[in-house]
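Please model the complete structure; the sequences and the hints are all you need to start from.
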Amino acid sequence: GRFGQYGGSFIPEILFNSQQDLLSAYREAMADPEFKAEMLAQMQQYSGRPTPLTPCPNLSQQLGGAQIYLKREDLNHSGAHKMNNVIGQGLLAKRMGKKRVIAETGAGQHGVASALVSARLGLECTVYMGAHDIERQYPNVFWMKQLGATVVPVTTGAATLKDALDEAMRDWSSSFNDTHYLIGTSCGCAPYPEMVAGFQSIIGEEVLSQAPEVLGRQPDKIYACVGGGSNACGIFLPYKGTTTELVGVEAGGIGDGVGEHAMRFNTDQARFGIAQGYATEFLQDEQGQLLPTQSISAGLDYVGVSPILADMVKRNELRMTAARDEAVLDAFKRLATTEGIIAALESSHAVAAAIAEAPKLSRDEKLVVNLSGRGDKDLFNIASALKDAPFNDFLADYLAREKQA
Amino acid sequence: GRFGQYGGSFIPEILFNSQQDLLSAYREAMADPEFKAEMLAQMQQYSGRPTPLTPCPNLSQQLGGAQIYLKREDLNHSGAHKMNNVIGQGLLAKRMGKKRVIAETGAGQHGVASALVSARLGLECTVYMGAHDIERQYPNVFWMKQLGATVVPVTTGAATLKDALDEAMRDWSSSFNDTHYLIGTSCGCAPYPEMVAGFQSIIGEEVLSQAPEVLGRQPDKIYACVGGGSNACGIFLPYKGTTTELVGVEAGGIGDGVGEHAMRFNTDQARFGIAQGYATEFLQDEQGQLLPTQSISAGLDYVGVSPILADMVKRNELRMTAARDEAVLDAFKRLATTEGIIAALESSHAVAAAIAEAPKLSRDEKLVVNLSGRGDKDLFNIASALKDAPFNDFLADYLAREKQA
Amino acid sequence: MSTLQTYIKTQRESRPILLMTHVIYGYPTIKDSLEIMETLLREGTDILEVQFPFSDPVADGPTITNACHVALENAPTLRQCLADINALATRYPDSKVVLMSYLNPMLQFGFEALADTAAPAISGLIIPDLPIEQASFVEPLKAADIAPIWLTIPQMDSARLAQTLSAASGMLYCVSRSGVTGGATAFDAVTDNLDTLKQQTSVPLGVGFGISKPEHITALIGHADIAIVGSALLNAYNEAGLTQLVTRFKSLQTATR
Amino acid sequence: MSTLQTYIKTQRESRPILLMTHVIYGYPTIKDSLEIMETLLREGTDILEVQFPFSDPVADGPTITNACHVALENAPTLRQCLADINALATRYPDSKVVLMSYLNPMLQFGFEALADTAAPAISGLIIPDLPIEQASFVEPLKAADIAPIWLTIPQMDSARLAQTLSAASGMLYCVSRSGVTGGATAFDAVTDNLDTLKQQTSVPLGVGFGISKPEHITALIGHADIAIVGSALLNAYNEAGLTQLVTRFKSLQTATR
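Residue numbers (the working numbering), protein chains in the order written: chain F, 1 to 405; chain S, 1 to 405; chain G, 1 to 257; chain R, 1 to 257.
Just so you know, these hints were derived from the structure itself, not from any lab.
Take every hint as true, because none was put in to throw you off.
Think about it this way: if two alpha-carbon atoms lie no more than 30 Å apart in a straight line, the pair counts; the simulated DSBU-like pairs of lysine-lysine are:
no.: 1; chain 1: F; residue 1: 403; chain 2: S; residue 2: 387
no.: 2; chain 1: F; residue 1: 145; chain 2: S; residue 2: 333
no.: 3; chain 1: R; residue 1: 213; chain 2: R; residue 2: 9
no.: 4; chain 1: G; residue 1: 142; chain 2: G; residue 2: 198
no.: 5; chain 1: F; residue 1: 145; chain 2: F; residue 2: 403
no.: 6; chain 1: G; residue 1: 250; chain 2: G; residue 2: 9
no.: 7; chain 1: F; residue 1: 145; chain 2: S; residue 2: 403
no.: 8; chain 1: S; residue 1: 240; chain 2: S; residue 2: 314
no.: 9; chain 1: F; residue 1: 333; chain 2: S; residue 2: 94
no.: 10; chain 1: S; residue 1: 145; chain 2: S; residue 2: 403
no.: 11; chain 1: R; residue 1: 9; chain 2: R; residue 2: 198
no.: 12; chain 1: S; residue 1: 36; chain 2: S; residue 2: 99
no.: 13; chain 1: F; residue 1: 387; chain 2: S; residue 2: 403
no.: 14; chain 1: F; residue 1: 387; chain 2: S; residue 2: 145
no.: 15; chain 1: F; residue 1: 145; chain 2: S; residue 2: 387
no.: 16; chain 1: S; residue 1: 145; chain 2: F; residue 2: 403
no.: 17; chain 1: S; residue 1: 99; chain 2: F; residue 2: 333
no.: 18; chain 1: S; residue 1: 403; chain 2: F; residue 2: 403
no.: 19; chain 1: R; residue 1: 250; chain 2: R; residue 2: 198
no.: 20; chain 1: F; residue 1: 221; chain 2: F; residue 2: 360
no.: 21; chain 1: F; residue 1: 145; chain 2: F; residue 2: 94
no.: 22; chain 1: S; residue 1: 145; chain 2: S; residue 2: 99
no.: 23; chain 1: S; residue 1: 145; chain 2: F; residue 2: 333
no.: 24; chain 1: F; residue 1: 94; chain 2: S; residue 2: 333
no.: 25; chain 1: F; residue 1: 99; chain 2: S; residue 2: 333
no.: 26; chain 1: F; residue 1: 387; chain 2: S; residue 2: 387
no.: 27; chain 1: G; residue 1: 198; chain 2: G; residue 2: 9
no.: 28; chain 1: F; residue 1: 36; chain 2: F; residue 2: 99
no.: 29; chain 1: S; residue 1: 360; chain 2: S; residue 2: 314
no.: 30; chain 1: F; residue 1: 403; chain 2: S; residue 2: 333
no.: 31; chain 1: F; residue 1: 36; chain 2: F; residue 2: 94
no.: 32; chain 1: R; residue 1: 213; chain 2: R; residue 2: 31
no.: 33; chain 1: F; residue 1: 333; chain 2: S; residue 2: 403
no.: 34; chain 1: S; residue 1: 240; chain 2: S; residue 2: 360
no.: 35; chain 1: S; residue 1: 360; chain 2: S; residue 2: 333
In structure tokens form, the structure reads like this:
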């Protein structure tokens with residue numbers, strides 16, 4: 001559970017047994033070919049894997065440098081790579097005899113993914129979500145309800161993701177007998193970082209096997225956005241030790257000031273810390289209090305980062321860069337208009353970095369960008385960011401009709 | 001271009017040459033292995049084909065009858081089978097040297113699909129959409145704009161799909177030199193019914209090859225919803241002449257009265273007619289005026305039907321049934337809660353019919369339902385149908401924030 | 001030779017070009033539309049084209065389309081339309097009336113029934129979505145002396161044109177340009193095409209699409225037999241009612257004298 | 001033996017059970033929290049547990065979590081917190097003060113620095129997210145006679161319990177049930193577990209989680225050395241301020257005499 005100085009288990013004693021059970025169940029499951037076959041079957045038959053590797057001839061041509069390819073995690077069931085992990089953990093929960101899963105969610109993507117897989121596997125599902133997030137991301141709450149999940153509003157603290165996470169941990173502290181805590185990213189106490197990264201590694205494994213046919217060889221660089229880091233771990237880990245350069249892209253937000261971004265690297269506002277069950281680079285103040293974060297994409301708006309990635313950065317196995325909101329919106333629009341792909345704002349960070357770097361590279365170089373999710377979910381955010389007036393008219397008209405009905 | 005008494009070409013003379021060009025271009029393209037390879041490559045690399053065949057053990061168990069499987073067209077890029085057709089026609093337009101495509105759209109799905117593929121292939125894209133539909137389905141208009149398409153509001157008539165279709169035809173009448181008219185369903189003058197059905201047939205071809213592994217054999221019955229009929233043609237045609245029973249499911253709407261549904265079969269409000277460029281069963285009054293239609297799903301809300309399907313019904317190769325709005329919502333909820341799949345309301349019609357019939361069948365029987373699209377797009381419709389109050393609060397809050405910003 | 005064709009030939013002996021005007025049955029009401037028809041007949045339109053509205057008029061532009069949708073709200077029936085035209089036509093024997101509609105309303109009524117009911121008031125029929133290959137649909141009209149009026153376009157290949165010309169009787173409806181009714185047209189390019197056509201057939205040539213001013217008609221003299229005016233009169237009516245329509249008609253009519 | 005342990009042993013000679021009360025530094029303001037601390041010391045709390053707030057208090061329930069978030073808005077620093085406690089503690093030598101916080105604020109301050117600054121006012125330290133395997137973190141505190149206070153739970157397996165007991169000094173914090181602070185507890189089941197534990201260690205046993213009434217404390221007499229009251233006093237304060245807190249404290253204190 002340690003990755004250099006990062007990772008580990010720093011959890012209330014009450015969770016120790018339960019965490020140990022999970023750890024051994026995960027190891028046993030991963031050594032069981034039947035479990036792995038069942039997982040692969042669900043990933044294929046339910047979620048639609050393998051996802052393709054899409055060449056972007058127009059975008060590459062326009063940039064005039066390296067050739068860009070996208071790993072299309074947006075084509076997963078639920079519209080994002082999140083599905084890989086919830087399938088793995090959902091099956092593990094069933095294997096452990098759990099009847100219920102709990103999850104915390106910020107923007108709601110992981111909540112929806114958890115609700116989906118719970119319905120699919122016949123598990124009860126409770127999702128903790130900040131009351132503030134519920135208000136802002138209600139469409140996802142609506143889907144969770146349709147899927148039969150219970151969504152619990154968390155009103156403590158800032159009533160956002162961090163608070164939902166703490167609340168889920170509290171639920172688990174009293175419910176671990178029949179409940180699995182389904183963490184959505186490669187963070188938290190062992191074995192979560194390793195486990196989530198493990199379930200996500202199918203992304204990189206597919207790229208490894210697809211690249212020779214689609215690219216003609218392995219890529220020179222791979223880009224992935226980094227919030228908690230699960231999509232990045234998923235595509236990067238199978239490439240560890242190869243000559244492919246790995247590039248993480250953090251949320252640059254609106255500026256470099258405190259609370260203006262969600263960068264855990266290349267800033268003096270972040271340093272080694274231990275919280276939320278594990279050690280990593282945390283954005284924190286001098287007192288060790290975790291700092292507020294900001295990003296146009298809710299999914300990257302996180303104060304910690306996968307200990308696996310923190311360690312890779314330390315070892316120079318991973319280069320970390322960032323994209324600001326404005327560049328992200330530009331990348332979103334550019335990918336949409338040149339290749340007909342509507343990317344999630346999270347994934348648009350990775351696209352933005354590739355767009356920034358590709359022109360400086362030769363036409364022989366080949367880049368793979370992990371398109372971790374689709375952008376449909378960002379309708380309200382993007383319409384707001386672009387100040388699209390007709391969208392507001394549409395909403396007002398809808399409300400007027402509903403009021404009449 | 002004839003299917004029994006149905007089909008044919010009944011178009012203004014001005015379009016004759018252009019239609020002939022398209023007809024021969026389509027035939028040549030389909031005889032060209034390179035074109036078919038390029039089309040398959042886009043379907044795989046861009047749209048993520050093949051889509052899986054998903055077993056539904058929980059739903060089947062609950063119904064206690066036949067085993068249900070879903071063909072997952074919802075996992076296509078854009079979230080529906082629509083993508084298969086626009087890829088085919090988009091590539092054909094490029095092959096014909098056209099610089100521009102026009103499309104008509106009702107709910108906006110085909111508009112978005114056309115805009116996506118146009119961006120992907122570097123074609124200019126104009127989408128005709130009823131002004132009334134634009135107001136009600138604005139999110140899709142927003143995405144079309146993001147993709148660089150021009151959306152033209154049509155204010156004639158009822159300002160809905162039928163009018164948009166007429167308007168697109170008018171555009172084509174004066175622009176055919178550089179413009180391809182990208183029809184979204186298996187209707188209209190030859191070669192559209194055959195061509196769209198042809199591009200969609202990959203659905204059924206995949207089922208043919210997947211069934212032995214997933215079902216152990218070929219299915220006993222296949223269900224597909226029928227609006228224009230493209231997803232139904234796509235999954236049915238490769239099964240013509242086999243022992244698999246084919247079942248089409250129309251929109252039963254809210255009742256059997258005039259204007260309460262969109263059934264073109266099993267009603268005396270529909271009969272043979274010729275309009276919109278082709279002959280088929282049309283909902284029409286005694287004067288031959290086409291009738292208004294109604295359905296909870298915009299995509300099935302169409303007055304005509306694919307001549308290919310009309311002919312199959314005539315020949316008893318296809319059984320046509322219907323599902324009413326209420327049963328459709330139930331099916332939507334049931335699939336979501338038992339299998340973790342959020343189906344489009346269109347596709348939920350096919351699910352509803354399978355749910356109604358499965359309990360009467362033995363456990364040995366196997367049904368495939370074409371899940372033609374995903375339900376995310378139906379957020380506003382479903383929230384409205386379920387009278388979900390928090391959704392309205394969410395919209396009101398969003399608008400209040402936007403007003404402040 | 002059909003009655004329509006004979007009529008046109010006869011009229012043309014004393015006139016450089018004839019005028020065919022267009023009215024939508026039922027727009028804005030059935031009564032009003034009958035009044036418009038009667039006014040035009042009284043003012044001496046050579047041929048009156050009555051459009052029976054259809055819900056999906058794909059060959060028409062926005063002005064006519066919108067008018068058709070308004071007309072449909074008055075629930076017109078083809079049977080009543082034909083009866084009304086019959087009553088009117090007998091009072092104006094110096095003009096001819098042709099019917100225009102789309103295929104489906106005719107099909108549902110039945111072409112046999114149409115032949116029985118439409119003659120003798122109706123002497124021609126225009127169906128823009130009926131292609132020449134499907135000429136057998138209108139076969140029953142021949143016995144009733146109702147001429148099917150086929151459309152030609154400048155880009156028609158020679159075989160298809162030959163087929164159309166051999167089927168033609170009464171008159172040909174020569175579409176002057178691509179597009180739908182009601183737009184603008186460059187008339188210079190049109191005349192060459194008409195002259196070529198003239199050499200291949202003795203059937204009178206009507207030219208439609210885009211005629212809104214007297215000089216448009218003047219430009220057609222010597223090249224065509226009939227100037228067909230549609231949206232222009234409808235626009236005049238929509239702007240300022242029957243008076244304006246008459247004014248516009250008269251200014252166009254002057255060019256045909 | 002640590003000062004804390006000696007203190008508890010001594011007090012227990014004349015008392016059936018001791019009372020440890022909980023205050024959050026900075027809640028609702030720094031000044032108010034110091035006033036609460038002083039009040040409790042004046043009223044004779046045996047041990048005062050001062051929680052230095054952390055942004056992510058995962059082991060705490062909603063009442064304490066919310067209070068911590070309020071406290072953080074007053075921008076408390078650990079250095080000032082320790083200075084304030086030091087000033088206070090010297091005036092109440094008959095009680096002991098222990099510090100409670102989460103790992104990160106301590107880590108960022110540094111355990112060496114903590115040892116230097118916290119002693120002698122602070123005689124014990126509770127860090128709920130520091131597992132026993134990571135005991136080396138608190139090693140520097142030993143020299144300053146600050147006892148790390150380890151947590152035990154009923155479900156602990158014997159090896160882990162042995163490891164914890166051998167590391168323990170000062171007192172043990174026995175969590176009476178699963179869950180977080182501030183909920184309800186079934187006390188009957190708790191005592192058996194405490195008795196078993198008592199046989200394995202001479203380190204005093206404190207029992208926390210769910211003590212809100214005098215009878216809860218009475219039930220622990222003979223099984224535990226210290227009753228730990230957290231949320232109950234905070235709730236009293238939130239309901240009706242310092243007066244209510246004192247009333248609640250006194251009613252609980254009665255059960256320890």
